[in-house]
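Residue numbers (the numbering used here), protein chains in the order written: chain D, 1 to 227; chain S, 1001 to 1047; chain Y, 2001 to 2225.
Keep in mind that the hints were calculated from the coordinates and are not lab data. Just to be clear, a hint being listed does not mean it is correct.
[As the list claims (entries may be wrong)] SDA-like cross-link-like pairs, simulated, lysine to any residue; straight-line CA separation at most 25 Å: (1) D:Lys-7 with D:Glu-226; (2) S:Lys-1034 with Y:Arg-2224; (3) Y:Lys-2101 with S:Ile-1012; (4) D:Lys-24 with D:Val-62; (5) Y:Lys-2071 with S:Met-1008; (6) S:Lys-1034 with Y:Cys-2201; (7) Y:Lys-2213 with S:Leu-1022; (8) D:Lys-204 with D:Ile-107; (9) Y:Lys-2070 with Y:Leu-2054; (10) D:Lys-194 with D:Gly-58; (11) S:Lys-1033 with Y:Glu-2007; (12) D:Lys-204 with Y:Lys-2071; (13) Y:Lys-2213 with S:Arg-1027; (14) Y:Lys-2220 with S:Gln-1026; (15) Y:Lys-2213 with S:Glu-1035; (16) D:Lys-24 with D:Pro-92; (17) Y:Lys-2101 with S:Met-1008.
[To be verified] Quick list of the computed label-pair ranges, beta carbon to beta carbon: (18) S:Lys-1040 with Y:Gly-2135: 40 to 50 Å; (19) D:Leu-196 with Y:Tyr-2028: 55 to 65 Å; (20) Y:Arg-2072 with D:Leu-120: 47 to 57 Å; (21) Y:Arg-2218 with S:Gly-1024: 52 to 62 Å; (22) Y:Thr-2106 with D:Glu-50: 23 to 33 Å.
Here the structure is a predicted model, which means the values were calculated and not measured. For each residue, glycine too, the CB sits at the ideal point set by N, CA and C.
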Amino acid sequence: MNLNFFKKIGLIVWKDIIVEFRTKDLFSAMFLFSLLVVVIFNFAFAPGTENVSQLAPGILWVAFTFAGVLGLNRSFVFEKDSGSLQGLMLSPVDRGVIYLGKMIGNIIFIFLVELVSLPLFAVFFNLSLFHLIPRLALVLLVSTVGFASAGTLLAAISVNTKAREVLLPILLFPIIIPVIIGAVKSTGNILEGKPLVETLSWLKLLTAFDIIFIIVSFLVFEYVVEE
Amino acid sequence: MTNLGYFMAAYIIVWIGVFIYLFGLQRSQNRLKKELESLKKILEEKG
Amino acid sequence: MQRNSLEKILIGITFLSLMASLYAIFFYAPLEATMGLVQKVWYFHLASAWVTFLAYAVVFVAGILYLSRKKRCFDILGYSSAGIGVVFNTLVLVTGSIWAKPIWGTWWTWDSRLSTTLILWLMYIAYLMLRTSSGEDSKGARLAAVFGIVAFIDVPIVYMSIRWWRTIHPLVFKSKGTEVDPAMLTTLLISLVAFTLLYLCLLRQRIALEHLKDELERVKEKIRR
């Protein structure tokens, strides 16, 4: 029974990965989008050497947030339009399992985009963050789980309305304010080379957000997709 | 330092806000009631 | 018939208590020494904040009840309460700004309470937008209920994160609570009661409006047949 539960989640994640691997359009769109945000912010703020460490975390997270919204929207709009969401609903799995599968799929995509963008980001802003990558990856992962846990639920809500994609950022951004604050603060701390202890309280907040939103979304997801 | 202007502004805004909302509710209620009356009449004429 | 007279009593009591609170604010409560007259905005400001919070809590509870019982009345309750909450939330932001200008010399600071109030406003505007774009049927009701629950759970986390984000806390309500004049406290209490009653009145009107809409739909359905 227990094995079955994880196997079902794994199958849903695997399905999303296969679909994405065939087309690759979502990944490339998200990656280019985050790159474009960095370019635009560069011209808007013209970060010099003296203020780059203050501006960089904010720019990075704006880029990831917008790219993430793009990914979240695609993950459900595609399912809904191709009718495969209905197929998922008809299959003998719990609705909560579908939520977890979709959420993990979203985490993987967004996290990959972030990891690939990070080196380019370092080049553009002239930051040496090679030795910081393990710490940054930890922050990225914890924040992305928070972003995707709330984002998957709200994307499922917005795809069921008339406004569809337009509604997602309006629903999502106020909710994930704690994630954005925590992510920007922790990234800033790491870029400034502060010890990990100072980032710990932010990581705790982010983890609390992750846990609360995964549990709550798991419980209420069935009411969102119910026909 | 009396700040009478700020004080009055705050109170006027609160009252205007509440009353606009209340009047809005009343107006749409009346509109719906009228519509309901006319529809009921149509229903009666139909039999 | 009985319902109507009850409503009249509610409206009467609300009117009287609002008058009482106005009287208390203007003539009974003492003038604050340093802030002067503008401090009296505080009574309505805090009362509006209380009603905002109460209204959103009702949205949260109504959402849970709707998802577990699937009764239309809980959906109406949540939707109506959210609308009234946004009205009072707007009043909190506006009166707060008007108070802040002469006291701090600025209309707005990114203090944790102010920021959380603004984010609350954005969340429940989003709730209303979700509601209008998802339709009046049971699907729209379910989606709105879920969002109402998630948003309310998120509020304490938002407040905490903004507090940590801004560790330097500007002195706002410093020394309030320790040395508040009892007459001020009484006045505040009267205002809180009056605004809660006002909320109930508005809620009744708002719910009656939704019932009228439902009735209209039923009659239209009958005519079509």
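Task: Numbers of unmet hints, in rising order - done: 5, 12, 16, 18 and 21
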